[in-house]
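Colleague: Taking the hints into account, I'd like the entire structure generated from these sequences.
For what it's worth, our numbering labels the leading residue of the sequence shown as 518, then goes sequentially.
Where hints are given, some of them may not hold.
What the hints assert, rightly or not - Here are the simulated lysine to aspartate or glutamate pairs, EDC-like style, with alpha carbons at most 20 Å apart:
(1) K587 - D674
(2) K587 - D714
(3) K639 - D714
(4) K617 - D724
To be verified - Quick list of simulated restraints, FRET-style, between CB atoms:
(5) K617 - S552: 16 to 24 Å
(6) H682 - L632: 38 to 46 Å
(7) L564 - H682: 18 to 26 Å
(8) T687 - F570: 18 to 26 Å
(9) S552 - N613: 22 to 30 Å
(10) N689 - E720: 21 to 29 Å
(11) E694 - L564: 37 to 45 Å
(12) K555 - D674: 17 to 25 Å
It should be emphasised that the hints constitute simulated quantities derived from the structure, not laboratory data.
Backbone N, C-alpha and C fix where the C-beta goes; we use that ideal spot for every residue, glycine too.
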Amino acid sequence: MCGGHLDSYDVATGAIDCGSGVAPTLEAARLITLSGAKPQRSIVFCLWAGEEFGLWGSEFWVRTNKDKLKNISNYFNRDGGPTVTSGITVPDAMYNDFEKICEPLNSINSDFPFLLKRRSGKPQPLPKIAGGSDHAYFAMNGVPTISFDNSDPKGYDFNYYEIWHTERDTYNISIPEYMNHTSVVTAIVLYNLANLDHLLSREGLYDLNIK
518 MCGGHLDSYD VATGAIDCGS GVAPTLEAAR LITLSGAKPQ RSIVFCLWAG
568 EEFGLWGSEF WVRTNKDKLK NISNYFNRDG GPTVTSGITV PDAMYNDFEK
618 ICEPLNSINS DFPFLLKRRS GKPQPLPKIA GGSDHAYFAM NGVPTISFDN
668 SDPKGYDFNY YEIWHTERDT YNISIPEYMN HTSVVTAIVL YNLANLDHLL
718 SREGLYDLNI K
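Modeller: What follows is the structure, encoded as structure tokens:
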């Protein structure tokens, strides 16, 4: 699964928050469809309502689809601005799968190398409180919500907090070459993940013994 939220906040136009999440999600869906590729597993693209007011759309989906949660390999959420997808950090149990999934990514554009990293440290406790963005209720129910790392390798000097929830959140702040590349990376990762013959392992993701 992959998604971003459709709504914006107060005077903000939503061009970045969360147009920079919605656009790559839609473009990844378009690219996969255009290729004619037929993944072995379903890929679900989500555009959520009511994120800014309490994650309403994603909470409703999780609450009314409990039977589907065990079949989700990962939910990728994008809600962080127009910087470029540049890597991903995964637990040991997922690493070998992501090596295969991400193998093509460094041959797309040498300007934007992709780095796969292992997550160090102990598993985190299962989240008990929803917050942040639309991944929250998935995580609270034990669904993997590994997100992409993002960066600004060409030095556009984007500062999310200068425009966040303000009238400065406008379309001209978006960075087209970053959004284009992010869309391609998203499409490849989702397609390759959907073609695994198994779900991603959840081993070491959350420590279910921590209350």
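Colleague: Do the alpha carbons of K587 and D674 lie within 20 Å of each other, as the hint requires?
Modeller: violated (40 Å)
Colleague: In this structure, is the beta-carbon distance linking K617 and S552 contained in 16 to 24 Å?
Modeller: holds (19 Å)
Colleague: I want to verify a distance hint. Is the separation of the beta carbons of E694 and L564 within 37 to 45 Å?
Modeller: Violated - the Cβ-Cβ distance for E694 and L564, about 23 Å, lies outside 37 to 45 Å.
Colleague: Is 22 to 30 Å respected by the C-beta to C-beta distance linking S552 and N613?
Modeller: With a Cβ separation near 25 Å, S552 and N613 satisfy 22 to 30 Å, so the hint holds.
Colleague: That 18 to 26 Å hint for T687 and F570 (C-beta), does it hold up?
Modeller: Once the Cβ atoms are compared, 22 Å apart, the range 18 to 26 Å for F570 and T687 holds.
Colleague: Given the hinted pair K587 and D714, is their alpha-carbon gap at most 20 Å?
Modeller: holds (15 Å)
Colleague: For the range 38 to 46 Å, tell me whether the beta carbons of H682 and L632 fit it or not.
Modeller: violated (31 Å)
Colleague: Is it true that L564 and H682 lie within 18 to 26 Å of each other by Cβ?
Modeller: Holds - the Cβ-Cβ distance for L564 and H682, about 19 Å, lies within 18 to 26 Å.
Colleague: Between K555 and D674, does the C-beta distance stay in 17 to 25 Å?
Modeller: violated (41 Å)
Colleague: Do the alpha carbons of K639 and D714 lie within 20 Å of each other, as the hint requires?
Modeller: violated (28 Å)
Colleague: Taking 21 to 29 Å as the hint, is the beta-carbon distance of N689 and E720 inside that range?
Modeller: violated (45 Å)
Colleague: Would the hint linking K617 and D724 be met if the CA-CA limit is 20 Å?
Modeller: Violated, because 26 Å separates the two Cα atoms, which is more than 20 Å.
Hint check: violations occur at hints 1, 3, 4, 6, 10, 11 and 12; the rest are consistent with the structure.
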